[in-house]
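**Student:** Residue-level listing of the chains:
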Amino acid sequence: MNLNNATITELHKLLTDKAISATELTQHFLSRIAENDSEINSFITITPEVAIEEAKAADLVLAKGQHTMLTGIPMAHKDIFCIEDIRTTAGSKMLANFIAPYTSTCIEKLRHAGTVTLGKTNMDEFAMGSSNESSYFGPVHNPWDKTKVPGGSSGGSAASLAACLCVASTGTDTGGSIRQPASMCGLTGLKPTYGRISRWGMIAFASSLDQAGCFTRTAEDAAILLEHMAGHDSKDSTSLNLAVPEFTAALSEPLAGLKVGICSDYFKEGLEPEVENLVMDGIKELAKMGAEVVEIELPHTKFSLSAYYVIAPAECSANLSRYDGVRYGYRCKDPENLEDLYKRSRSEGFGSEVKKRIMVGAFALSAGYYDAYYRKAQQLRRLIKNDFVSAFEQVDVIVGPTAPGTAFPLGAKTNDPVSMYLQDIYTIAASLAGVPAISIPVGLSKGMPVGLQLIGNYLEEAKLLRVAHQFQQQTNWHQQQPQSNLL
Amino acid sequence: MNIPTGWQIDIGLEIHAQLNTKSKIFSGASTLFGSEPNSQASAVDLALPGVLPVVNEAVYAKAVRFGLGVSADISRVSAFDRKNYFYPDLPKGYQITQMDLPIVSGGHIDILLEDSTEKRIRITRAHLEEDAGKSLHEAFDRYTGIDLNRAGTPLLEIVSEPDIKSAFEAVAYARKIHQLVTYLNICDGDMSQGSLRFDANVSVRREDSDTLGVRTETKNLNSFRFLERAIYYETVRQIDRLEAGRSVAQETRLYDHNKDETRPMRSKETATDYRYFPEPDLLPVIITDETIAKIKAEMPELPTQRQQRFIEDFNLAATDAALLANDRNLADYFEATIKNSQDPILSANWIKVELLGHLNRDAVSITDSPVSAIQLGDLVALIQAGTISGKIAKDVFAALWTGETSSAATYIEQHDLHQLSDPSALEPLIFDILKANPKQLEQLRSGKDKLMGFFVGQVMKQTQGKANPQEVNNIIKRLLQETV
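These protein sequence lines map, in sequence, to chains H and R. In terms of my numbering, the first sequence is residues 1 to 487. In terms of my numbering, the second sequence is residues 488 to 971.
Think of the hints as simulated: they come from the structure by calculation, not from any bench. All of these numbers come straight from a predicted model, not from anything done at the bench. Note that CB positions come from ideal geometry on N, CA and C, so glycine has one too. Hints may contain errors.
[Unchecked claim] Beta-carbon label-pair distances, calculated as ranges:
| id | chain 1 | residue 1 | chain 2 | residue 2 | range |
| --- | --- | --- | --- | --- | --- |
| 1 | H | 375 | R | 693 | 47 to 55 Å |
| 2 | H | 372 | R | 733 | 32 to 40 Å |
| 3 | R | 857 | H | 242 | 54 to 62 Å |
| 4 | H | 97 | R | 738 | 38 to 46 Å |
| 5 | R | 519 | H | 97 | 51 to 59 Å |
| 6 | R | 737 | H | 372 | 22 to 30 Å |
| 7 | H | 375 | R | 698 | 44 to 52 Å |
| 8 | H | 97 | R | 732 | 37 to 45 Å |
| 9 | H | 335 | R | 847 | 43 to 51 Å |
| 10 | R | 607 | H | 234 | 26 to 34 Å |
| 11 | H | 138 | R | 737 | 44 to 52 Å |
| 12 | H | 372 | R | 816 | 35 to 43 Å |
| 13 | R | 737 | H | 242 | 45 to 53 Å |
Could you put the whole structure together from the sequences, leaning on the hints where they help?
**Tutor:** Next comes the structure, spelled out in structure tokens:
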């Protein structure tokens, strides 16, 4: 069996059958990273010693038969999650020297379940970007076409999995940062309900939107991961105090009777025709499987992007104030006085996209503009939420494209911020509402992957995963591989 | 220098009371004062990447207590906001506070004016927030040291309406708040540790003007005296400027107690736009009616109620009752004393004169008194029973104070200090003294009553203070009559 693109489920069987050890599996992926990542640049930090140590521990657990589904599964983690004693940079020069003194709850849980940490993946600086080009550690190359971007901000996590450098990876999604790169790299990318996974130890971009999630090869793998990542955390007041459902339990239920909503706003100008065709084919496939397709309206969803680009920068402008050169992180050389220390540490430590958003956010919050921008954006957010609440009274899931197009060439949009921001036009509404959403592969357009987005009601990840899983039983788009993997 | 006439002064106070919780408002770190710098700064207090605040729910009950203590409205829903500004002792670059929806709003407290009338000061609001750390500018050449032990200490900021019309009223109000928060056991009230700090908003206007003048805010006053001086200085400064035809700038000022003057803060430190917005890391604070009812039921007796009870139940003079009830710890001490002494008035006297005298002399607080309420109660009981004289009792008290003994009764036994009240023992002694002082005896007989004191004094001297003065008096009078 080819280990490269095996799923968690498949590898779990190999591990428990003793066909392979966790150490061998880990070494396999470490070798692949060493051989292939120079062309992809998906890792900022590789942690072979930690990985081997964890793999050996996993082998002991497997030998005792005390394993979970994740014991010995090598994973890559977005470099936004703090892991004790490992450098955690958030893709920024500001934190290029920051060794985290504690571990985020989400990663702690995955490690507790027996996963192996291969390293920390590249990302847009502080998760701000849709192409992974704002990283201080250089752009990530899409394994499907290395002249193209992998999407962002979790571009490294997506590319590492697409290039078969890990078995699954973590990401964070603030406005589409898991779903859009999953779409562009031909992966399953899940953003759960806001609050489903603890944010403790996850470096904040926009607190009311940030949500951890994962990249996997299948919806089934995503269900397995989510069962271990989710759960209430007393260290995060916004984490949901609810029992974690068995997401894997309902996967096999057929789709008969399921109501799938489509919204015309998701098929308007700006959507590449070939992407639209593939998405429509995907919807037909769902109908063939027994789902009923219903037209729905999300009247305020067209305001999503505008509301998002006020709220997210506003929150980030405060969240990033702690990077001041005083206690840790980058500090400018020879500051003359306090103001100079602040100005130069922040000017030199942050990249241009981050600075742009801090300024936009500070402006939106400033006296005299708050009502016109921040308050109005929050009002829109409420209306967008209400749209979803009404829609889910009619349908079980909402389906549409994840991104307007396929991966674009590196550098193509770096000077066109609006076009870059439009990458998230279909993903942002779910982020603002806090509902779960998933992107799954739905075909190839000119050889590049296209994603289908499924949006679910609050806490209904199980239903989303079931629809995605059933779709993946009938299609093989999720099994497609970049040519480079096959060489 | 007096305040010129023809002017009205309007003062509003913002009082920061540190709530006496064991751990900080948003982290589990200790709030203990005086530890090694930065030894009580957790990852949250240091604002490391990825940390999140979690509210220490003990602060809610304390804020509610305060609200009930000043007859205010308790918000069933309140919320935290971020106040953005850069300063090295503010690690996150924003302070978590309550802007739009404070936990307490409305309310009032009555102060006593110089003419003994009462005046009501309205309280606008009281909200929860976190304290900043400390910047240490002195000890490090060209550098500033940052101690984040205090960062995240819970504060209740109590904001008054500009109802205060003089420095005297401001101090009376501040003292009343101090008394209340210590009574409610929500703040230890230790000014030397910064547990209560004042910002004074001061403006002046012509007496016939209906609109408030331009105000200045003098920040971080940490004693009643500095509060008084700073307001006085600001008042005179503002009036002087206006009378000279100049204007008052709206600005933040600092009081320099060495020079007894206020100065503008460097403009850099006076951020003008705090860009408040709702704190997305915290959920709204919900206080239910049941919670409020429960806290209400557990409210301690307030100072005015206690003072009244001291007068009614113990027959104390109003001034003594006020003195004792003023400080919760002193009032507790008094009540513990009378449990043993069974004599409230005598106990009150002993606390007022001897105990407070010693506490003041040695600058010791009532909670650290070397003489416990039980010890003093026992001592007062011995005086009351006539076992020792008041004079001897002072010596016994001194011995308790220095720690020479831990029990009045034992000390009296060991040093044979029992009061001499037996006439058969005292009479020969007094007879001898009368005989030995014929001149004074003659004067006493001729009606010079003050000579009585002389003879009692002599007897006390002879008996090393052990004689019962009342009994000595009686015997002298009887002997005078008998020998007539």
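**Student:** Look at each hint and say if it fits the structure.
**Tutor:** Hint check results:
1. H:375 x R:693: 47 to 55 Å: Since residue 375 of chain H and residue 693 of chain R have Cβ atoms about 39 Å apart, the given range 47 to 55 Å is violated.
2. H:372 x R:733: 32 to 40 Å: holds (37 Å)
3. R:857 x H:242: 54 to 62 Å: Roughly 57 Å apart at Cβ, these two residues keep to the hinted range, so it holds.
4. H:97 x R:738: 38 to 46 Å: Roughly 40 Å apart at Cβ, these two residues keep to the hinted range, so it holds.
5. R:519 x H:97: 51 to 59 Å: violated (32 Å)
6. R:737 x H:372: 22 to 30 Å: holds (25 Å)
7. H:375 x R:698: 44 to 52 Å: Violated, since residue 375 of chain H and residue 698 of chain R (Cβ atoms, about 30 Å apart) do not stay within the stated range.
8. H:97 x R:732: 37 to 45 Å: Given about 58 Å between the Cβ atoms, the range is violated.
9. H:335 x R:847: 43 to 51 Å: The hint (43 to 51 Å, Cβ to Cβ) holds, given that residue 335 of chain H and residue 847 of chain R are roughly 49 Å apart.
10. R:607 x H:234: 26 to 34 Å: violated (43 Å)
11. H:138 x R:737: 44 to 52 Å: holds (50 Å)
12. H:372 x R:816: 35 to 43 Å: violated (53 Å)
13. R:737 x H:242: 45 to 53 Å: At 50 Å between Cβs, range holds.
In this structure, the earlier hints numbered 1, 5, 7, 8, 10, 12 are contradicted, and the remaining ones agree with it.
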